[in-house]
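As given, the protein sequences belong to chains A and B, one line each in that order. If you count by my numbering, then the first sequence holds residues 1 to 234, one letter each, in order. If you count by my numbering, then the second sequence holds residues 1 to 222, one letter each, in order.
Take the hints with a grain of salt, since some may be wrong.
[Unchecked claim] Ranges between beta-carbon positions, derived for each pair:
1) Thr-80(B) / Asn-87(A): 26 to 34 Å
2) Leu-104(B) / Ala-29(A): 57 to 65 Å
3) Arg-233(A) / Leu-104(B): 38 to 46 Å
4) Leu-196(B) / Gly-44(A): 46 to 54 Å
[Stated by the list, open to error] Non-contacting residues of chain B with respect to chain A, defined by C-beta distances greater than 12 Å in every case (computed):
5) Leu-13
6) Arg-18
7) Thr-25
8) Pro-38
9) Pro-45
10) Thr-80
11) Glu-82
12) Val-116
13) Asp-122
14) Glu-125
15) Thr-153
Read the hints as simulated data drawn from the structure, not as lab findings. Even for Gly, the Cβ is constructed at its ideal location relative to N, Cα and C.
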Amino acid sequence: MTTAVRWFWFASPHTFFPLAGRIARWCAAGAALLALAGLYVGFGVAPTDAQQGEVYRIIFIHVPAAWMSMFLYLVMAFWAALGLAFNTRLSGMMAQALAPTGALFTFIALWTGALWGKPTWGTYWVWDARLTSELILLFLYFGFMALHASIDDPRRADRAAAVLALVGAVNVPIIYYSVQWWNTLHQGASVSFTKAPSMAAAMFAGMMLMAAAFWLYSIAVAMVRVRCMILERQ
Amino acid sequence: MLDAALCIVYRDLLLALRRRGDVATALLFFVIVASLFPLGIGAEPNLLRAIAPGVIWVAALLSTLLSLGRLFAADHADGTLEQMLLGAAPLGVVAAAKGLAHWLVSGLPLVVIAPVLAVQYDLPESLYGVLALSLLLGTPVLSMIGAIGAALTLGIRGGGVLLSLLVLPLFVPVLIMGAGSVEMAAAGLEPDAQLLILGALAVFSAAFAPWAIAAALRISLE
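Based on the sequences and whatever the hints tell you, model everything.
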């Protein structure tokens, strides 16, 4: 019983507001430090790739952004489900706060992918399975945000968007695998995404640091957004 | 429960019969969109044969989208939907019946008319069956997924455009499998895999989408 009370203690926007502020501050500081470390390792320590030269260094932004873009959708769907199940106000706000960050990371992943693709593949865009499913993910984020924005009552908007997020989350794997299949069906000899067989330790470390930095950044930004939403709504 | 579902299907079909114009518009749209592509791309037969499955499927998607806006709008406007919400039949069953009626009115005609478009595109006769079958299996999925979007955007300003933004990304797997099955058959291979997946999607959406539609309707009508 006591644990149940504890679980929902911070579900009230009122009690969550100061906590969110503290989390945001610490996570923002952590994100800045880790990003600095990650960029230093990525651009200073990591060796030049034997095949791709310096171009490959964009993966320190690209790969973590792509991870976050997919992960944040799941987190968003999780909060959406929680909001529908327990009818907590905060869950809907969390989902709404995560959506722009998720869309941003999806866009960054697409954009950096295009910049990487031009010197490596000779073209900004190929209809590769991953690129295509990432693009569709971006559309799903936009749909979520557009639906939320077009309903005036925030509580109703939260719940409608939550249903959409859940439907989308069920669809994401189906979309991913169908796009992959479509890709193999359409393109005979396609450029392969598989990179050099092994990755230098410094490259891996840089990528992990950047991924951690993006994690903390996402949390910090979501917290700041939730605080704004709490102020706005109440 | 089944009676209620049949009653709703019958009622929606009757309404569609009384307002034949609405049904005809979506069908005409399907035909016109498909006819525009040769005008834009050029009438080279090999090219047309290559793009036919994709074009016909995209046209089917858009045509379904066009008719989705009406799915709940009229019932919402005259209060019927609220009565359904209050009624004894589970809302999921009502939603499934509405989806089925929508498919019968706007999905099934596409299946029938698609071979005619295939003639326009000079598709080999042996592919008509696969094309019709893929549409037969795929369009129910479009109706069911689309109904979720229609329920979510019910009574929202700019609902029509929003509906397309919400629903089209979710239609992607159906499009890929549907057009893929015809292309597979055109290449001389067995299209079974794609058709089976389409069938699986149809069963899956028929089982789960009604509950999502019901949840969306409850939210929209509160």
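Hints versus structure:
no., hint, result
1, Thr-80(B) / Asn-87(A): 26 to 34 Å, "holds, 27 Å"
2, Leu-104(B) / Ala-29(A): 57 to 65 Å, "holds, 60 Å"
3, Arg-233(A) / Leu-104(B): 38 to 46 Å, "holds, 43 Å"
4, Leu-196(B) / Gly-44(A): 46 to 54 Å, "holds, 53 Å"
5, Leu-13, "holds, 27 Å"
6, Arg-18, "holds, 31 Å"
7, Thr-25, "holds, 25 Å"
8, Pro-38, "holds, 22 Å"
9, Pro-45, "holds, 21 Å"
10, Thr-80, "holds, 21 Å"
11, Glu-82, "holds, 16 Å"
12, Val-116, "holds, 26 Å"
13, Asp-122, "holds, 21 Å"
14, Glu-125, "holds, 23 Å"
15, Thr-153, "violated, 7 Å"
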